[in-house]
Amino acid sequence: MKFTLSWLKTYLDTDADLNTISETLTAIGLEVEEVNDPTEALKPFVIAKIEEAVQHPNADKLRVCTVNNGSETIQVVCGAHNAKTGLIGAFAPNGCTIPDSGMKLKPTNIRGVDSNGMMCSERELGLGDDHDGIIELPDDAPVGVSFAEYAKLNDPMIEIAITPNHQDALGVYGIARDLAAAGLGTLKKPDTSKVEGKFESPIKVNIESNDACPVFAGRYIRGVKNGPSPEWMQRRLISLGMKPISALVDITNFLTHDYGRPLHVFDADNIKGDLTIRLSKSGETLVALDEKEHTFDDEACIIADDNGISSIGGIMGGENSGTYDDTTNVFLECAWFDPIRTAMTGRKLNIESDARYRFERGVDPATVEDGIELATRLILDMCGGEPSEVYLAGEAPTISKTLTMRPERVAELGGVDIEKSDVISILERLDFKVEDNGATLEVTTPSWRCDIDREPDLVEEVLRIHGYDKIRVEPLPASSRDIVTGLNPMQRRIRMAKRTAAGLGLREAVTWSFIPSEHAKIFGDLASNMVLDNPVSSDLDAMRPNLLPNLITAAGRNVDRGFKNVALFEAGNQFLSDTPEGQQYVLAGIRRGENHDRHWKDAPSSVDVYDAKADAMAILKAIGVNADNAQVVAEAPDWYHPGRSGVIRLGPKNIMAYFGEIHPAVLKKLDVTGPLIGFEIMLGNIPLPRSKSGNSRGPLKSSDYQAVERDFAFVVDKDLPAEQIIKVVGSADKKLIDNINVFDVYWGKGIDDDKKSVAVNVRFQPMDRTMTDDEIESLRQKIIDLVAKKAGGTLR
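Each residue of the sequence shown is one higher than the one before, counting from 35 in our numbering.
Treat each hint with caution, since some may be false.
27 Å max Cα-Cα, derived DSSO-like pairs, lysine-lysine [stated by the list, open to error]:
#, residue 1, residue 2
1, Lys-647, Lys-635
2, Lys-382, Lys-555
3, Lys-223, Lys-532
4, Lys-186, Lys-118
5, Lys-598, Lys-635
6, Lys-769, Lys-735
The hints are simulated quantities; they were obtained by calculation from the structure and are not laboratory data.
With the sequences and hints as input, model every part of the structure.
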């Protein structure tokens, strides 16, 4: 919420300076996010007059100007096309900084002529985009006076953060009301007295859906003359970042931010018959003021006439419901719309508007009649015309509540001792009605505080007006139990897994825990309790059953932006049910493209299933999984390519990881070009290490004795996994065999059709001696015999 200091002071009679106001706002829970005071930046700039402008002797496009700044006459070289004798504009002396460019002015020589300071354009002063010439002021502009003061730019802008429970602060009047309650001044109430109607409104209003819109006030004003709004209103709208359009439109925008009261002005000549407030019918459409066609279900609150739908209640008017430069008769609307229905409709239609923002948080229903009187006065003052009597349909709902409060709860919940009389005083200053019943207080909330529901809410109101800064800072009491510090085993595992993934060249991604339900169904059955009733977006309507969909689509977005090689990982929960047991902590990763960028020495190759397996095995090894105990089988889920994927498990049921190439059909459904590989590591399925005393890693085990390497080529069945050969070879002597590496696989000429040759390199590493030839030969023969016995292999 933005507003200027002068705007605030139209409702707050105070002598407090900007700093005090800012500190008080934050202290009462309206946190100040930014204060922009243009006075400081524009302080050196003054109004000056060009006494004489002559052609530069050495440049066709430059003028040498004699400038009077009110205290002295200065020579300035200027390149603006409108630099001329007699022009009055904004002058920047030497030593000041130009707001737009940050350039600090100093005496200079331009093409042989001395120049001091400069005459400025609007863009150079940060006042707009106009850079076509220097600023031209009226002939009666006072030379030597501060430019910021003359142009009324010495009005600081304040921006505060609005929490969901402070819908009452979505208008400048509401902010002033809170500051007055905090003792920073006196509240000045606007004139909401009734404007006398001259005739009966020819347009009536019929409410068919009281739940959606219980009250609607309308007023016909004839003979208006639309045009620009006055300068003071335009300045205030511009300070909000809004563009002034016309008096009729600006009035509604102004009151939305000034009084927190959204309204709408119809061109009455475009209304056929009376207005009806009803629920939409499924399939009805409307082109709104955002120039988009919106299709309704049967739940939206709409305003219609005999021509059809003209507006979406509480959200936005229709394209033909607005006013124009030639509008002469208007119908002014001020109503109250149900917050929940407004929020749901706005979300379904994906419409963001100032009206929706306020109505879905709760506009004060008591301002329906006040709002129409305020708007009527502004229209009559700016556009003239003759008003009808107010046509009031329905009745404003009563949303005030009466709650019981125990004064001692302020100290119990807030830690601040406040006298009962002070509690009552604060609540009454906030316009709560308080009845003292001795031990308790009966508190009735004002109509603009729909968020107050319980006793703790009243305690919060007392605390914030008393001042959050007055709450004492005290340390927490020492725990009676032993405090456990450091990471637990699972946290250490997660940290190590993420660190290893990053070390493999994968970049960490953090994606939504939600995905489109269509994507979720690709990765298994989607349980009904995993579909969200109130999603943050219509596309993100299901809890993710798997981390891969978001990573795959993220890879697709990167490819669309020209990143050919993508490597991402994410660690987080995936959800199979709405129970704690249905949450599974997983680290998943994907790669697409080539394994490294082009290089003159090493040609890159496309990533494949072996890269996915290598990533998964490296992470598993880093978190303590013994590869000798793991089994790799080709039983990956359907979202992996059959024959190019696998499962790493401990025993038949405990699955530790999946890896492989993502199925092309899955990529097609996700609209991502492949091929693409991925892996999933179920960190919760891996047994935690047995607890050990201390955190020592143990001594480094290395050997000073020479290692021995031997190569073997075994002819085995064609469908036998090479991993099984590695395990058989490793079982020959677990102490001496240090490493086994498959370096060749061959089938073809010289090998039976149902056979293949697998060549492995085996490294023997003794720790306490040098191996003899007999020992080496004995171990070699043992390996051959074991492979023949357990794998059916013969030495080639």
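Broken hints, by number:
Failing hint: just 3.
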